[in-house]
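Asks: Turn these sequences into a full structure, and let the hints guide you.
Just so you know, the protein sequences line up as chains G and W, in that order. So the first sequence is numbered by our numbering: it starts at 1 and just counts up by one. So the second sequence is numbered by our numbering: it starts at 1001 and just counts up by one.
I should point out that these hints are in silico values taken from the structure, not numbers from a laboratory. Any given hint could turn out to be false.
Unchecked claim - In the EDC-like style, the derived pairs of lysine to aspartate or glutamate whose C-alpha atoms are separated by at most 20 Å in a straight line are:
no.	chain 1	residue 1	chain 2	residue 2
1	G	Lys-100	W	Glu-1079
2	G	Lys-25	W	Glu-1023
3	W	Lys-1034	G	Asp-86
4	G	Lys-28	W	Asp-1037
5	W	Lys-1034	W	Glu-1079
6	W	Lys-1082	G	Glu-21
7	G	Lys-96	W	Glu-1023
8	G	Lys-28	W	Glu-1076
9	W	Lys-1065	G	Asp-86
10	W	Lys-1004	W	Glu-1079
11	G	Lys-85	W	Glu-1028
12	G	Lys-96	W	Glu-1025
13	W	Lys-1072	W	Glu-1059
14	W	Lys-1049	W	Glu-1059
15	G	Lys-100	W	Glu-1023
16	G	Lys-96	W	Asp-1037
17	W	Lys-1082	G	Glu-14
18	W	Lys-1072	G	Asp-86
19	G	Lys-25	W	Glu-1028
20	G	Lys-96	G	Asp-86
21	W	Lys-1063	W	Glu-1028
22	G	Lys-144	W	Glu-1023
23	W	Lys-1060	W	Glu-1025
24	W	Lys-1060	W	Glu-1090
25	W	Lys-1082	W	Glu-1023
26	G	Lys-28	W	Glu-1025
27	W	Lys-1063	G	Asp-86
28	G	Lys-80	W	Glu-1028
29	W	Lys-1063	W	Glu-1079
30	W	Lys-1034	G	Glu-123
31	G	Lys-85	W	Asp-1037
32	G	Lys-28	W	Asp-1006
33	G	Lys-25	W	Glu-1025
34	W	Lys-1004	G	Glu-14
35	G	Lys-25	W	Asp-1037
36	G	Lys-25	G	Glu-123
Claimed, not checked - Short derived list, chain G residues pointing at chain W, Cβ under 10 Å:
no.	residue
37	Leu-18
38	Leu-23
39	Lys-25
40	Arg-27
We treat Cβ as the ideally placed atom computed from N, Cα and C, and that holds for glycine.
Below are the chains, spelled out letter by letter.
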Amino acid sequence: MEKTNENKEMTAQESLSLINEVLNKSRKSILRNNGKHFILWGVLLTVLSLGIYELWHITGNPIWNLLWFAMPIIGIPLVKLISRKDDAIPQNVISKQISKVWLAYCVFVTSIFVISIFTGLIELSLVIVLLLGFAECISGIMLKNWPIIISGFILGVGGAFAAALMPTAAEQLLLFTIGGVILVVTGLIIKIQYR
Amino acid sequence: MFPKLDPLLHSELRLAVMSILAEVESAEFSYLRKETDSTAGNLSVQIDKLSAAGYITVEKGFKGKMPCTTCKITPEGIEAFKNYVAALKEYIS
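Replies: The structure is reproduced here in structure tokens:
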């Protein structure tokens, strides 16, 4: 946008164009900012799932799954750190709803994880990967981005199917590695879409 | 007969500020300045005018040790913005 001048006389067309231009610019800044959160959580998910898979594989002990609790412990301070520079960027309706979808995902996954530890009745990887794909798909719908919608569907449905076919729970962790990579790619797509 | 355009909104910088605030819950002064590419003095004057008209609220506080001004559109502001856009559309059609 050119430097704004409060005294400039505008035609009706110029006024509408200005509103459109300002709204688009602001929307891009806000949604582009969301991209880095997808990248951060994607990298964290990839690294943690690979790490836990390796430790479980080597020792044969599923206790390493407790390392999943390190995800919010590491992730939340990192989110605050990377947001410090852009903390003046506000949230709009879309970015707020996307945050709420992922917050709901975290609540669901934590609850299922805890229930599964005590009961062992739930096919944990299948449910979590399905929820991960679903949250990704909803994010894509809100952003009106087909690649994100489709990748979410493939991750959720394909991942759940693959989890059912995989012979050991340790191997199912690799589905989360794929999920992490998809989150990173989603973040990059958002950054490109709203460049 | 064409409807009268709100003179308070029919100004480039004030309209830009109102357009941003219509999209978000609230926005800091630094964000508005960056998005509108305006000077601090100029933006401050226009924000005061919008605030005096009751179109926005201005909250002055601190973020850490730094002063922080946050602006928020009011229901009257949203109504005025909607009416302004509707009037513009009538002019064009």
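Asks: Hints first: check each against the structure and report whether it holds.
Replies: Against the structure, the hints:
1. For the proposed pair Lys-100/G and Glu-1079/W, the alpha carbon gap of about 28 Å is over 20 Å, so the pair is violated.
2. For the given pair, Lys-25/G sits about 11 Å from Glu-1023/W by alpha-carbon distance, which is consistent with the 20 Å threshold.
3. A hinted pair counts as satisfied when its Cα atoms are at most 20 Å apart, and Lys-1034/W with Asp-86/G qualifies at roughly 12 Å.
4. This hinted pair checks out: Lys-28/G and Asp-1037/W have alpha carbons roughly 15 Å apart, not beyond 20 Å.
5. Annotation: proposed proximity of Lys-1034/W to Glu-1079/W is violated, straight-line Cα distance about 25 Å (limit 20 Å).
6. The hinted pair formed by Lys-1082/W and Glu-21/G meets the criterion: a straight-line CA distance of about 17 Å does not exceed 20 Å.
7. For a cut-off of 20 Å, the pair hint linking Lys-96/G to Glu-1023/W stands: about 12 Å separates their Cα positions.
8. Simply put, Lys-28/G and Glu-1076/W have alpha-carbon atoms about 26 Å apart, too far for the 20 Å limit, and the pair is violated.
9. A threshold of 20 Å between alpha carbons decides the hint, and for Lys-1065/W with Asp-86/G the separation of about 17 Å falls inside it, so the pair holds.
10. A hinted pair counts as satisfied when its Cα atoms are at most 20 Å apart, and Lys-1004/W with Glu-1079/W qualifies at roughly 15 Å.
11. Using a Cα cut-off of 20 Å, the hinted pair Lys-85/G and Glu-1028/W holds, with the two alpha carbons roughly 14 Å apart.
12. Only pairs whose Cα atoms come within 20 Å are accepted, and Lys-96/G paired with Glu-1025/W is accepted, the gap being roughly 10 Å.
13. Among the hinted pairs, Lys-1072/W with Glu-1059/W is consistent with the structure: their alpha-carbon atoms are about 8 Å apart, no more than 20 Å.
14. The straight-line distance between the Cα atoms of Lys-1049/W and Glu-1059/W is roughly 15 Å, inside the 20 Å bound, and the hint therefore holds.
15. The hinted pair formed by Lys-100/G and Glu-1023/W meets the criterion: a straight-line CA distance of about 18 Å does not exceed 20 Å.
16. Distance check on the hinted pair: Lys-96/G and Asp-1037/W sit about 25 Å apart at the alpha-carbon level, beyond 20 Å; violated.
17. Restraint check for Lys-1082/W and Glu-14/G: satisfied, since their Cα atoms lie roughly 17 Å apart, inside the 20 Å limit.
18. Between the alpha carbons of Lys-1072/W and Asp-86/G the distance comes to roughly 19 Å, so the proposed pair stays at or under 20 Å and holds.
19. About 16 Å separates the Cα atoms of Lys-25/G and Glu-1028/W, which keeps this hinted pair within 20 Å; it holds.
20. Between Lys-96/G and Asp-86/G the alpha-carbon distance is near 16 Å, which keeps this suggested pair within the 20 Å criterion.
21. A hinted pair counts as satisfied when its Cα atoms are at most 20 Å apart, and Lys-1063/W with Glu-1028/W qualifies at roughly 11 Å.
22. Distance hint between Lys-144/G and Glu-1023/W is fulfilled; the C-alpha atoms sit about 18 Å from each other, no more than 20 Å.
23. Taking the CA atoms of Lys-1060/W and Glu-1025/W, the gap is near 16 Å; set against the 20 Å cutoff, the hint holds.
24. Distance check on the hinted pair: Lys-1060/W and Glu-1090/W sit about 38 Å apart at the alpha-carbon level, beyond 20 Å; violated.
25. For the suggested pair Lys-1082/W and Glu-1023/W, the alpha carbons sit about 12 Å apart, so the restraint of at most 20 Å is met.
26. Our distance criterion of 20 Å between C-alpha atoms is met by Lys-28/G and Glu-1025/W, whose separation comes to about 16 Å.
27. Our distance criterion of 20 Å between C-alpha atoms is met by Lys-1063/W and Asp-86/G, whose separation comes to about 13 Å.
28. At roughly 18 Å between alpha-carbon atoms, Lys-80/G and Glu-1028/W fall within 20 Å of each other, so this suggested pair holds.
29. Restraint check for Lys-1063/W and Glu-1079/W: the C-alpha separation of about 31 Å exceeds 20 Å, so the hint is violated.
30. With a C-alpha separation of about 49 Å, the suggested pairing of Lys-1034/W with Glu-123/G is violated against the 20 Å cut-off.
31. At roughly 19 Å between alpha-carbon atoms, Lys-85/G and Asp-1037/W fall within 20 Å of each other, so this suggested pair holds.
32. This hinted pair does not check out: Lys-28/G and Asp-1006/W have alpha carbons roughly 28 Å apart, beyond 20 Å.
33. With a CA separation close to 16 Å, the supplied pair Lys-25/G and Glu-1025/W stays within the 20 Å bound.
34. For the proposed pair Lys-1004/W and Glu-14/G, the alpha carbon gap of about 16 Å is at most 20 Å, so the pair holds.
35. At most 20 Å may separate the alpha-carbon atoms for a hinted pair to count; Lys-25/G and Asp-1037/W meet this at roughly 11 Å.
36. Proximity of Lys-25/G to Glu-123/G is assessed by CA-CA distance (about 45 Å); at most 20 Å being required, the pair is judged violated.
37. Checking Leu-18/G against chain W by beta carbon gives a least distance of about 6 Å; that is within 10 Å, so the hint holds.
38. Interface hint status for Leu-23/G: upheld, as the beta-carbon distance to the closest one in chain W is roughly 5 Å, under 10 Å.
39. Using the Cβ-Cβ criterion of 10 Å, the hint placing Lys-25/G at the interface with chain W is satisfied: the shortest such distance is roughly 6 Å.
40. A distance limit of 10 Å between C-beta atoms decides the matter here; for Arg-27/G the minimum to chain W is near 7 Å, and the interface restraint holds.
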